[in-house]
Amino acid sequence: MLKVISRQILVLILSFLGITLLFFTLTQLTPDDSNVVWQGHVRSADSALAQKAIELGVDDSYVYQYINYLRNILSGDFGLSITSNRPVLSEFLNFIPATLELGFFATLIALILGIPAGVAAATNKNTWVDSLIMTVTLIGYSIPVFWWGMLLIFVFSLFLDITPVAGRISFIFDIDKVTGFMLVDSLLAYPKYQLAAFFDALKHLILPSIVLATLPLAVIARMTRSAMLEVLASEYILTAKAKGLSRFRIIWVHGLRNALIPIITVIGLQSSILLTGAVLTETIFAWPGIGKWMVEAIYRQDYPSIQGGILLISSIVILINISIDLLYAFINPRLRKPV
Amino acid sequence: MNEIKLYQETHIPGPWEEFWYQYKQHKAAMVGLVCLLIIVLLAFIGPMLIEHDPTVQFSESLLIPPAWEDGGSRMFLLGTDDLGRDMLSRVAYGSRLTLGLAVIVVFIATIVGVVLGAMAGISKGPVEFIILRLMDIFLAVPSLLLAILIVAIIGPGLLNTIYAVAIVLVPHFVRIVRAVIREELDKEYVIAAKLDGSSPTRLFLISILPNILPPLVVQITLSFSTAILDIAALGFLGLGAQAPNPEWGTILSQSRDYIQLAPWTVAAPGLAILITVLCINLVGDGLRDALDPRGSQ
Numbered sequence: 087m088l089k090v091i092s093r094q095i096l097v098l099i100l101s102f103l104g105i106t107l108l109f110f111t112l113t114q115l116t117p118d119d120s121n122v123v124w125q126g127h128v129r130s131a132d133s134a135l136a137q138k139a140i141e142l143g144v145d146d147s148y149v150y151q152y153i154n155y156l157r158n159i160l161s162g163d164f165g166l167s168i169t170s171n172r173p174v175l176s177e178f179l180n181f182i183p184a185t186l187e188l189g190f191f192a193t194l195i196a197l198i199l200g201i202p203a204g205v206a207a208a209t210n211k212n213t214w215v216d217s218l219i220m221t222v223t224l225i226g227y228s229i230p231v232f233w234w235g236m237l238l239i240f241v242f243s244l245f246l247d248i249t250p251v252a253g254r255i256s257f258i259f260d261i262d263k264v265t266g267f268m269l270v271d272s273l274l275a276y277p278k279y280q281l282a283a284f285f286d287a288l289k290h291l292i293l294p295s296i297v298l299a300t301l302p303l304a305v306i307a308r309m310t311r312s313a314m315l316e317v318l319a320s321e322y323i324l325t326a327k328a329k330g331l332s333r334f335r336i337i338w339v340h341g342l343r344n345a346l347i348p349i350i351t352v353i354g355l356q357s358s359i360l361l362t363g364a365v366l367t368e369t370i371f372a373w374p375g376i377g378k379w380m381v382e383a384i385y386r387q388d389y390p391s392i393q394g395g396i397l398l399i400s401s402i403v404i405l406i407n408i409s410i411d412l413l414y415a416f417i418n419p420r421l422r423k424p425v
Numbered sequence: 079m080n081e082i083k084l085y086q087e088t089h090i091p092g093p094w095e096e097f098w099y100q101y102k103q104h105k106a107a108m109v110g111l112v113c114l115l116i117i118v119l120l121a122f123i124g125p126m127l128i129e130h131d132p133t134v135q136f137s138e139s140l141l142i143p144p145a146w147e148d149g150g151s152r153m154f155l156l157g158t159d160d161l162g163r164d165m166l167s168r169v170a171y172g173s174r175l176t177l178g179l180a181v182i183v184v185f186i187a188t189i190v191g192v193v194l195g196a197m198a199g200i201s202k203g204p205v206e207f208i209i210l211r212l213m214d215i216f217l218a219v220p221s222l223l224l225a226i227l228i229v230a231i232i233g234p235g236l237l238n239t240i241y242a243v244a245i246v247l248v249p250h251f252v253r254i255v256r257a258v259i260r261e262e263l264d265k266e267y268v269i270a271a272k273l274d275g276s277s278p279t280r281l282f283l284i285s286i287l288p289n290i291l292p293p294l295v296v297q298i299t300l301s302f303s304t305a306i307l308d309i310a311a312l313g314f315l316g317l318g319a320q321a322p323n324p325e326w327g328t329i330l331s332q333s334r335d336y337i338q339l340a341p342w343t344v345a346a347p348g349l350a351i352l353i354t355v356l357c358i359n360l361v362g363d364g365l366r367d368a369l370d371p372r373g374s375q
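Those sequence lines, one after another, are chains E and D. Position 21 of the first sequence, counting from 1, maps to 107 under my numbering, and the rest follow consecutively. Position 134 of the second sequence, counting from 1, maps to 212 under my numbering, and the rest follow consecutively.
You may find that some hints are simply not true.
Said to hold, decoys possible - Simulated pairs of lysine-lysine, BS3-like, Cα-Cα distance not exceeding 25 angstroms: (1) E:Lys289 to E:Lys327; (2) D:Lys105 to E:Lys89; (3) D:Lys105 to E:Lys211; (4) D:Lys102 to E:Lys211; (5) E:Lys289 to E:Lys278.
What the hints assert, rightly or not - Chain D is faced by these chain E residues, among others (derived, beta-carbon under 10 angstroms): (6) Asn158; (7) Trp214; (8) Thr221; (9) Val231; (10) Ile384.
Calculated directly from the structure, the hints in this document are not laboratory data. Note that the structure is predicted; figures quoted are calculated from it, not measured. For every residue, glycine included, the Cβ atom is placed at its ideal position computed from N, Cα and C.
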């Protein structure tokens with residue numbers, strides 16, 4: 087186990103160095119003065135800025151600049167956003183809760199529907215249930231996310247008028263920002279609005295989570311199906327059958343438990359897919375998360391935000407992947423023994 | 079010449095015939111293949127059959143519904159958009175643009191991916207380590223954000239979309255090619271070729287490449303659908319093909335504001351993307367099953 091952990095930490099450090107080096111190199115290629123890119127200010131006669139430019143060492147060698155860049159990042163300094171003039175890190179922390187909230191619910195939907203759908207398809211192999219689930223999941227991963235979002239808005243918000251079109255909560259509610267998670271914050275505002283605000287926030291969450299959940303749901307359902315098929319064909323399932331265990335127990339307790347091992351890896355890989363989907367989903371639903379922030383940063387050519395934002399997002403993805411690898415080693419005893 | 083016939087059929091199917099036989103068993107894949115051929119054919123000849131230019135604006139007929147609806151005109155089968163442009167011709171010309179871009183993107187990604195993957199697979203040590211770590215880094219950045227980052231640096235536009243999406247696709251090729259090469263390297267025919275004194279390049283091109291084609295073909299098909307979705311997504315965000323270009327994602331981003339007033343302007347390009355990607359994925363699934371019969375069991 088210690089060996090696994092130390093190897094993962096090494097991978098983490100290497101990935102971090104690599105990704106910062108990549109971003110550093112890309113910054114040199116941006117069509118702008120690197121001083122703007124780092125600090126969000128045009129190099130000016132302002133003595134404080136000139137001082138900062140010297141501190142950052144924009145005129146020094148690349149090696150020195152890179153070391154400086156690393157030092158700044160490690161101390162949490164990602165520069166200033168050009169548009170809001172606030173530190174990129176605090177902007178990021180401002181936008182991430184909305185994305186986490188959305189991502190959490192999307193993952194929840196994908197798991198709650200995806201795993202049973204995959205199991206159902208595997209246990210009813212080559213029947214109409216299987217074909218139905220396979221067809222639906224095939225459409226699920228072929229549909230363009232943004233079009234799917236527009237379709238749902240058209241049907242449920244404009245035509246049936248049962249869900250709101252966009253945003254996280256109606257403007258009539260004045261919710262104080264405490265945690266940044268709208269569901270929690272609206273509950274904290276209980277004395278003011280009772281549960282009305284909470285249900286309103288929940289209503290706003292439904293369509294975006296469904297849109298974001300679609301692709302991971304399809305992938306998880308298909309993966310569960312193939313993992314289950316493999317497990318159900320193994321000998322210990324035959325033993326369980328011979329022992330006279332109920333079908334329910336064989337499938338859900340004995341079968342799914344081993345099928346879950348590959349499924350967990352797939353779930354880990356979804357974090358990257360989810361964040362890609364979040365960019366489009368948040369744009370469609372005007373959801374104030376990091377995806378929308380990134381797209382707007384690009385429209386405004388806000389390089390410090392784009393850079394810092396994507397670097398932070400990638401670091402999160404790397405961290406999630408490494409935790410999944412560790413979890414994988416932890417739940418799969420076969421990996422723990424030194425090979 | 080009196081040969082004794084031991085077998086009922088004298089004809090032994092070659093690899094291609096064998097593959098085609100396997101593929102034909104897959105009904106959904108056949109449907110996908112036929113639809114895909116129709117789509118490609120339409121992309122080639124469709125624009126010739128259409129009378130309107132995709133960028134011509136008929137200022138007399140803005141937001142006309144499709145022909146089968148009330149107020150529709152037989153002039154514009156799929157209706158017109160907010161600038162009075164014929165939706166049918168926009169979607170038809172868009173198929174050339176979106177599919178054409180996807181073909182170029184996948185072509186570039188395949189070449190670069192196979193070269194890097196082969197380098198990583200055949201040579202061990204630092205070369206492999208550097209290539210793999212580099213690919214890991216690219217994989218850690220969510221695909222659309224990586225494309226956005228690249229577009230941020232080189233600017234939006236058609237050509238830059240190609241680079242951005244191709245770079246996103248490369249790491250997947252590298253990983254697959256490297257993994258299958260590793261598997262093949264231990265096999266006896268490779269050792270035989272090595273003993274014959276073939277150079278690493280020859281070893282790869284003559285001995286290994288034909289044997290890694292099946293997984294490569296499947297990956298190319300899947301990349302094709304990813305490429306179409308990513309190109310459309312960049313177009314939709316306004317970072318890919320620019321405004322008058324009838325790229326499917328770009329059309330969607332323009333018609334988005336008219337979804338309530340003119341839902342047909344949203345439906346047509348979206349359905350075009352969905353059907354195309356669906357067909358490609360069906361073909362991909364079929365190819366995978368036909369090329370690797372073990373996996374389908």
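Checked hints:
1. E:Lys289 to E:Lys327: violated, 45 angstroms
2. D:Lys105 to E:Lys89: Measuring from Cα to Cα gives roughly 48 angstroms; hence the hint is violated.
3. D:Lys105 to E:Lys211: holds, 16 angstroms
4. D:Lys102 to E:Lys211: holds, 20 angstroms
5. E:Lys289 to E:Lys278: The given pair, whose Cα atoms are some 19 angstroms apart, holds under the 25 angstroms limit.
6. Asn158: It is violated, given that the least Cβ distance between Asn158 of chain E and chain D is near 19 angstroms, above 10 angstroms.
7. Trp214: violated, 14 angstroms
8. Thr221: holds, 8 angstroms
9. Val231: With a closest approach of 7 angstroms, the Val231 of chain E hint holds.
10. Ile384: holds, 5 angstroms
Violation of the numbered hints given earlier is confined to hints 1, 2, 6 and 7; the remaining hints are satisfied by the structure.
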